[in-house]
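Participant: Here are the chains, one letter per residue:
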Amino acid sequence: MMTRAIKGTIDAENIVCSRDGGVTPRHLRWSVCILAIVLSLMPCSLWAAAPDLETLVREIAQQLRCPVCQGLSVSDSPSELAHEMRAVVREQLQQGKTRQEILDYFVQRYGEWILLAPPKRGFNLVIWLLPFALLPVGALAVYAGTRRWVRNRQAATPPSAALDPRYAERLQRELDSYT
Amino acid sequence: MISQLGSILLITALAVAIYGIAASVLGARLQRWEFVASAYRAVLWLFALVTVAALLLVMALVTYDFSIAYVARNTLRGTPLYYRVTALWGSLEGSLLLWQWLLSLFSAAVVFSQGRKIRDLMPYAVAILLTVSAFFLFIMVVPANPFRAQFPVPPDGRGLNPLLLTTSMIFHPVFLYLGFVGFTIPFAFAIGALVTGRLGEEWIVATRRWTLMAWYFLTVGILIGGWWAYTTLGWGGYWAWDPVENASFMPWLMGTAFLHSIMIQEYRQMLKTWNLTLVIMTFMMTLFGTFLTRSGIISSVHAFSNSSLGAYFLLFIGLLLLFSLAALVYRMDDLRGQPELDSMLSRETTFLANNVILVVITLTVFLGTMFPVIAEAVRGVRVSVGAPFFNKVTVPLAYLLLLLMGIGPLIAWRRASWDNLKRNFTYPTLAAAGTALIAALWTRNPYALITFAVCAFVTATIVFEFYKGVYARRKLAPGTSVLRALWTLFTRNRRRYGGFVVHFGVVLTILGIAVSSNFAVEKEVRVTRGETVQVGDYDLRYEGMRAYDEVYREVVWTDFTVMRGGRAIATLSPGKSFHPNEQQPIAQVGIRSTPWEDLYMILGAVEQDGSAATLKILVNPMVMWIWIGGAIITLGALVTVIPGRPTRRSAIAASEATGPAPARTLEYSGSR
Amino acid sequence: MSVKKFFILVSATPVLALLAYGLSRDLGSFPSPLIGREAPSFALSLFDGGTFSLDEHRGKVVVINVWASWCIPACYNEAPALEAAWQRYRERDVVFVGVNYQDREAAAREFLARFRHTFPNGPDLGSRVSIAYGVRGVPETFFIDRDGRLAHRHVGEISFDVLMQQIERLLNGAGGLS
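Those sequence lines, one after another, are chains A, W and H.
For the first sequence, the residue numbers in the working numbering are 1 to 179.
For the second sequence, the residue numbers in the working numbering are 180 to 851.
For the third sequence, the residue numbers in the working numbering are 852 to 1029.
Possibly wrong hints are sitting among the right ones.
Claimed, not checked - So these bits of chain H aren't anywhere near chain A, every CB distance computed over 10 Å:
| hint | residue |
| --- | --- |
| 1 | PHE858 |
| 2 | GLY887 |
| 3 | GLY910 |
| 4 | ILE923 |
As the list claims (entries may be wrong) - Calculated lysine to aspartate or glutamate pairs in the EDC-like style (CA-CA distance at most 20 Å, straight line):
| hint | chain 1 | residue 1 | chain 2 | residue 2 |
| --- | --- | --- | --- | --- |
| 5 | W | LYS702 | A | ASP52 |
| 6 | W | LYS601 | W | ASP521 |
| 7 | A | LYS97 | A | GLU84 |
| 8 | W | LYS702 | A | GLU91 |
| 9 | A | LYS97 | A | ASP52 |
| 10 | W | LYS702 | A | GLU84 |
| 11 | W | LYS702 | A | GLU59 |
| 12 | W | LYS702 | A | GLU54 |
Said to hold, decoys possible - Which stretches of chain W does chain A cover? Using the computed rule of at least three CB atoms under 8 Å from a CB of chain A, they are:
| hint | segment |
| --- | --- |
| 13 | 414-427 |
| 14 | 541-552 |
I should point out that these hints are in silico values taken from the structure, not numbers from a laboratory.
Treat the numbers as computed from the prediction; the structure is a model and nothing was measured.
Quick reminder that beta carbons are idealized off the backbone N, C-alpha and C, glycines included.
In isolation and in its complexed conformation, chain A is listed as follows (with noise of 0.2 Å):
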C-alpha cells in the first residue's frame, strides 16, 4: 500500500475523527470563552459568608500540631489534649483574640514546632520558596534541551523532498475515509 512510501508513520491516534473534515476554529474560540467565563466566576468563593465559630476553631486546629500525635493536626487528632486544645483556641476566639495571636500563644509555650507549617519568615522561605522556583528551573531546561533536538534534526536531515502531490491527496483521501 502506499502509506508505506511515505516517510514517518501512520498513527491511529492522528486520525481525524470528525464527518465535517474538521472543527472550525469557530468552536475553540467558542470554548475558549466559555472556559474565560468559568475562571472568571471562581472569586465568587471570596464573597462567601463570614465562617462561624467551629469553622474558625477548626481552621485555626488545623495549623497546629497535636503534641502527643505523631504529626496529627489539633484538629484532626483525637486525643484528650488535643480536644482541650481546641478548647483553648474556642475560648480565645469568643475572647476576641486573632488568628495570628492564638498561634502565637501556642508558639510560645510549645516552640515553633507547634506549627504544622513553618512560618513563612526567614530561613524557612527556602521549604516555601523552593518547588515554585524548582518548576521555571526544570521547565527551562526542557525547552533548552528540546530547542536543541529540534535543531539537531533540522542539521542532520535536508529538508524531506515534498510529497507527491497525487500521493498526498490519495492519502488524505484515504485517511478522510476512516473518519
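Given the coordinates of chain A, assemble chains W and H onto it according to the supplied hints.
Facilitator: Below, chains W and H without anything else, positioned relative to chain A:
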C-alpha cells in the same frame, strides 16, 4: 533451638550471598562462565535458605515459641492465627526478613527466567542483587536478629501493636515491599548496563515487566495504607504527610517518572543518561524509605524502634549511591547521543514535562520531610513540616500533572500538528468548561472547580480515544460490534489502552481525594442515651453501650441508629478497644460507606454506665472513589502487563536498526 | 574529568551529610521557649480543697510536677523522690505543687494516698495549666526561680539528685538558666 537454627540459616545465607557476588563478578571479568553459573546457583540456594528461615519464624510465631524475643514481642496468647502469621512483618526484624525473602525470590526469578539472555549484563545485575541481599542479611545477623533468643522465656507475649490487627495490615506492607524490592531489579540491570557498556535498550526491555509490576504494587500498597489510616487510625483522614508515608510516596513519584521516561528510550533511543539517573534515584528512594522507618531520624507513627540501624543503612546507601554515580560518570561520554526531535510539540516533550513535574514534587516532598533536620542544623530551632505545607505546595503541581495526563496521549510522537491538536482538544475542553459551569451551581470552591474541570478534561480525552479507536476499527472491519472492537483495541494495543485505563483510575482517585478534602462536614457532639443528633443529612440516635471481652482485648461499643428522612437506614457502632499492654485505647471507627459519601463516627469518651458519649462525626463525600480508582488502576496495570503478540513498535525498532521494513501486513493499531 | 562529572559525583555528599547529622541529634530533648521568661500564672483547685495560686508564691522557688496515675512506671518511680525533696526544702522557701494531667479523680487520689504526698496536688481541669506550660507528656517537672521566671524544665522521670541540684541552684540565686 529454632533460635540457633534460624541464626545459622541467616549467617549461611550471608556467606552464600558474598560468595555469589565474588563468583559473579570474577566470572564476568575473567570470562569464566562456570563461575557465573555457580553464582546463579548461589542465588537459588540463597532463596532456599531464606525461605526456610522465614518459614521457621512463621512456625515459631504460630506455635507461640516465646523463647524467641520477636515472637514474645509480637504475639499474645489468643491472637488469631492469621495475625500470628502476619506478625512476620509486624515489627522491625521480621519486616527485614520479609524484605530479604522477597528480594531473594525476585533474584531467583531473574536468574531462572533470563539466565540465557543478556549474558553479558546478567552477572553484574546478579552481583548487585546479591549485594543488597548481603546488606539486609548482615543487618539481620548483627544488630537486628529476628531469631534472637529471650531468656528467661516469658509465659506470654506482649502482642502485636493493636493498630496492626487489621485486614489492611495483612496486605499493606507486603504490597509496599513488593514495590520497593521490585525496583531493585531495574536498578541492578542498569548498573549491569553501565559496567558492561551495553548502554542500549536491553536493560530496559529486560526489566520492563519488573518496573510495571513494582510500580503497580507500590501504587496499590500506598492506597491500602491510606485505607488503613482511614479505617483503623481513626482520625478521619487517609493521608497525613507523615514522614514514612512520604518515604513510600517518593519512590512512587520517581517510579512513575521512570515508567514514562523509559518509553521514550524504547521508541526513540533517547534520554539514556536521564533514564539511568531516574532508576538510580528510584531505587535510592526505596532504600531511603527503609532508612527513614528504621533509623529514628524522624519520629513517625510508622517508625519501628529507634536503633543503631540508621548508621548501617546510611553507610550502605552512601556507598551504593557513590558507586552508582561513579558508574554513570564513567560511561557518560558513551551515553551521549545526538537526539533528534521533529518538533517541540511532541509526546517526547510532554513526557519530559511529566518528568519535570514529578521530579519537582519528589524534591519538594523530600525537602519538606527533611526540613526539620535542615532547620535544626542551620537555626538550631526545631520546626514541623506537615500537611498544611505539603497540601499547599503539591496540589498545584498535581493539577499540572493531571492536565498533562490528558494532553499527553493526544500528542503524537516526534511531531504533532497544531491543527490536529486543536481538533483533539475541542471536545475535552468543552467538557471541562461545561463541567465547571455545572459544578459552579453547587459550589464556588476554586480547588473543587479546577479539579472537576481538569478531571472532566482528562476523562473526555480518554473516552474520545476509545471512541476514535472503536470507530476506526469498525470502519476497517465493517460489521464488528462495539464490544468486539473494544476487545481488539485492548488485545492489539495493550500498553496504550491499558495505560488509558490506569489514567482513568488515577482521575477517579484524584476526584475522590479532592471532593473528600474540600467538602467534608465535621461535628463534635455529646449525646445522652436516646438522644438524636444531626450531622449532614443524617440523624443519629444513641442507643446505648455494649462491652465485649475477647482474649486479647476488651472492646466497648456505642450503638447508633442512622436515620435519614425519618427512616432508619443503618446501625453504626463506633467503639474503643483496650489492650492489656497498650496504654492508650484504640479507636474502632464506625463507617458507613456509599459511593456518594461516608458517614464516619469516632468515639471519644463514654461514661462508665454508657449514659452519655462524646463523639466526632464526619461526613466525607466520595471517599469510596479513591479505592474504586485504585481498583481500576489494578485492572489497567494487569492489561498492560499481560503478554500480547509482538508489537508493531518493536518491529519498527527492529526495522530501523536493520533497514527498510520488508513487506508485511500493516497493522494500524500499533502498540503504544 | 570535567566539571560536570565531578559535580555529579559529589552531588550526593550534602544529602548524605545531612542524613548523618540527622542521625546524630537527639529527638528526645526538647528545649522550652518559656525558659527565661515569666512563668505563666495559674490557679489550681486542689484535691484537698482550697486553691494553689502561683502568684501568691512569688519570691519563693516553685517546683511544678505534672503527673498522672496512668503514667507507668515513670511517675511512680519519681514520686518518692518528690516527696523527699519537698520534705527537705519546705522550710527553705521552696514550694512544691503537683498538677494531675488528664486523669480520673479516683485513680489520682489513690496515687496520692499510696505515696502520701504532703505537698499540694490538684487536677488540671481542661489541661489549661499543662497547655500553658507546653506540656507534651508526663512526667514533666518545672522549676521557677524567685523572680517568677521559668528556670528549668525536666522531661521524664526526675531523680532526687536532679531535684536537689536545681533547687540548690535557684536558692543560691545563681540566675543561671538552662
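Participant: None of the hints should be skipped; say for each whether it holds.
Facilitator: Going through the hints against the structure:
no. : hint                : verdict
1   : PHE858              : holds, 15 Å
2   : GLY887              : holds, 12 Å
3   : GLY910              : holds, 24 Å
4   : ILE923              : holds, 16 Å
5   : W/LYS702 / A/ASP52  : holds, 13 Å
6   : W/LYS601 / W/ASP521 : holds, 19 Å
7   : A/LYS97 / A/GLU84   : holds, 17 Å
8   : W/LYS702 / A/GLU91  : holds, 18 Å
9   : A/LYS97 / A/ASP52   : holds, 15 Å
10  : W/LYS702 / A/GLU84  : holds, 15 Å
11  : W/LYS702 / A/GLU59  : holds, 13 Å
12  : W/LYS702 / A/GLU54  : holds, 9 Å
13  : 414-427             : holds (count 7)
14  : 541-552             : holds (count 5)
Hint check: no violations occur; every hint is consistent with the structure.
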